[in-house]
Structures are given as C-alpha cells and as structure tokens.
Amino acid sequence: MNILTQVFLPLALAIIMFSMGLGLTTNDFKQVVLKPKAFALGLFCQFITLPLIAYAVVQFFGITGELAVGLMIISVCPGGVTSNVYAKLSGGDVALSIALTAITSLASVITIPLIINWSLTQYMGAESATELPIFKSIAGIFLITSVPVLSGLLLNQKRPQLAAKLEGFLSKLAVFLFVLIVFAAIIKERENFLPYMQISGSATLLLNLLTMVTALIFSLVLSVPKSQVKTIVLECGIQNGTLAIMIAATFLQNEAMTIPGAIYSLQMFVTGGVVIAISKLSKKSNSTSLQAS
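Adding 645 to a residue's 1-based position in the sequence shown gives its number in this note's numbering.
A portion of the hints provided could be inaccurate.
Stated by the list, open to error - Derived pair list, reagent style DSSO-like, types lysine-lysine, alpha-carbon separation capped at 30 angstroms:
#	residue 1	residue 2
1	K733	K682
2	K803	K733
3	K817	K675
4	K871	K925
5	K871	K675
6	K928	K682
7	K833	K733
8	K682	K925
9	K871	K928
10	K781	K929
11	K675	K928
12	K733	K925
13	K925	K675
14	K928	K803
15	K803	K817
16	K675	K810
17	K781	K733
It is worth saying that the hints were derived from the structure and are not from the lab.
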C-alpha cells in the first residue's frame, strides 16, 4: 500500500492536474473580470457554502471519527477536472468553468490544511496524533496540484500544438486514473465498504444534492445567466475526488477516510448526469415550443 499511496497516488494526481493545465490559457483567467458576479458566487459556494453544508450534514447524521473527517475532506477539495466536460455537455459556460476550476485548485492549497486540521481536532479528538503539518501540507499540495497546472499552462502558451496533442491523450488517461483510484480505494476497504456505505452513503449524497441546490438558488436569486447557472451548479457539485483520496491515504495515511471521497465521486457523476439530462430536455422542449409557435 505504501507504493500506492506514496508514489502512484501523487503521480496520478499530478498527471490529472497537468492535463487540466494543458487546456488552460491566460485568457481563461479573464473570466474573473468579464463575469465578476458569477465568478465570485462560484468561489463563495465552493469555499464557504460547501464546507458549511458538510458540517451541517455531519451533525445531522451524527457521523463521527474518520468518516466525518473524510466527508469534510471532500468538501474542501476544489472542483474536479471533469466539471469542465460536464459544463460543456450541459450547455454551460465552459470558460467560466475552466477559470473556476483553475482558481479553486490554486487557492485550495491554503484552505485545505486549515479546515482539515480543524476537522481532525473536532472529530478525532484533541488526543489524536494525526495532524496535517500546515506548511509541509501546503508545499505538498502545491507541488502535486498547482505546479502541474501551471506547467501545463506554460507549455500551452509556449508550444500550443504540442500541448494540444498531449491534452488529447492525457485527458483520457486522467479519466482512467481517476476511475482507477476511486475503485482502488473501495477495493482496499472492501471489507468495511458496505458498513461505511450505510453510514456515509446517504450523507455524501445529501451533501452533493444540497450543495447543487444551494448553488442553484443563489444563482437564480442573483439573476445569473442560465449558462452560468449550470456551470456554478456543476462546479460546486463535482469535486476533485482524487485529491480527497490522496490527502486521506497519502498525507493522513488513513484508508477509512478515503471512503467518503470515493463514494461522493461515484455519486457526483450520477447527479451531474442528471443536470446534463435536464439541460438537454429543457433545450429540446424550448426548441419544440418555438417551432410550434
């Protein structure tokens, strides 16, 4: 398991983040200025609303110990790379999705260690020996997530044709690695998976649904354009499950904490698919209505 957690997991995550960076350009970051309301709302939902909902869900279900920490870990991870694909398939604002994913991935380097250490104290007890060293964790997460993203961005700026070729291959590899990591976490804890699923399965699903519904409500209240509403909902619902699993298995060396992240990762693809289906049905319905009129 040491080779898996200490070598394969960080390397796989770095490849996934590098593949995301290959699709980035400096123009993507202009979304911060071009769409300030949608961008600010996306950040607010990701960094404030999501952890608060996770805390409320943990309290509601009375979850304690490792599974509670695992749930908090997935809540503080940035948006998943696949959210960009889902935004495209749903007719969302892809440029906004890419900008939100990139910025949250860079900023979460700071927020992740702080909230996780609070969670460890809150749910594992003050006597727990497990702790994320703040500066070491920031450096580790930065090297595994931010450096690959920035490297991919730099390569795309300097050698766009090479970046385009690499992105085609690495994006497929990234999906494969993500699925492999999720199922590896489940298989490793297969003896405890069903009991853990009974405890945290409903909690992770509720976290996912509440987060997406809350993002939807905020977006509608603030009169955000429809395409941006879809993007914000998906960005908040689809998390970087690979990072959550790596933090639990590699940094905290606690396999039980990987389970909420693995379960959430499976559920978010289903709920994200529902958003896409609703978007397509809505578009088809509107098109039919226009033709009829």
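Each hint, compared with the structure:
1. K733 - K682: holds (20 angstroms)
2. K803 - K733: It holds: about 26 angstroms lies between the C-alpha atoms, which stays within 30 angstroms.
3. K817 - K675: holds (27 angstroms)
4. K871 - K925: holds (13 angstroms)
5. K871 - K675: The given pair, whose Cα atoms are some 20 angstroms apart, holds under the 30 angstroms limit.
6. K928 - K682: Roughly 25 angstroms between the alpha carbons, so the hint for K928 and K682 holds.
7. K833 - K733: It is violated: about 34 angstroms lies between the C-alpha atoms, which goes past 30 angstroms.
8. K682 - K925: Between K682 and K925 the Cα gap is close to 25 angstroms, so the pair holds against 30 angstroms.
9. K871 - K928: Holds, at about 11 angstroms.
10. K781 - K929: Violated, because 51 angstroms separates the two Cα atoms, which is more than 30 angstroms.
11. K675 - K928: holds (28 angstroms)
12. K733 - K925: holds (12 angstroms)
13. K925 - K675: Status holds; Cα separation ~28 angstroms.
14. K928 - K803: violated (39 angstroms)
15. K803 - K817: Satisfied, since the Cα-Cα distance of roughly 23 angstroms is no more than 30 angstroms.
16. K675 - K810: holds (25 angstroms)
17. K781 - K733: Answer violated: K781 to K733 is near 36 angstroms, above 30 angstroms.
In this structure, the earlier hints numbered 7, 10, 14, 17 are contradicted, and the remaining ones agree with it.
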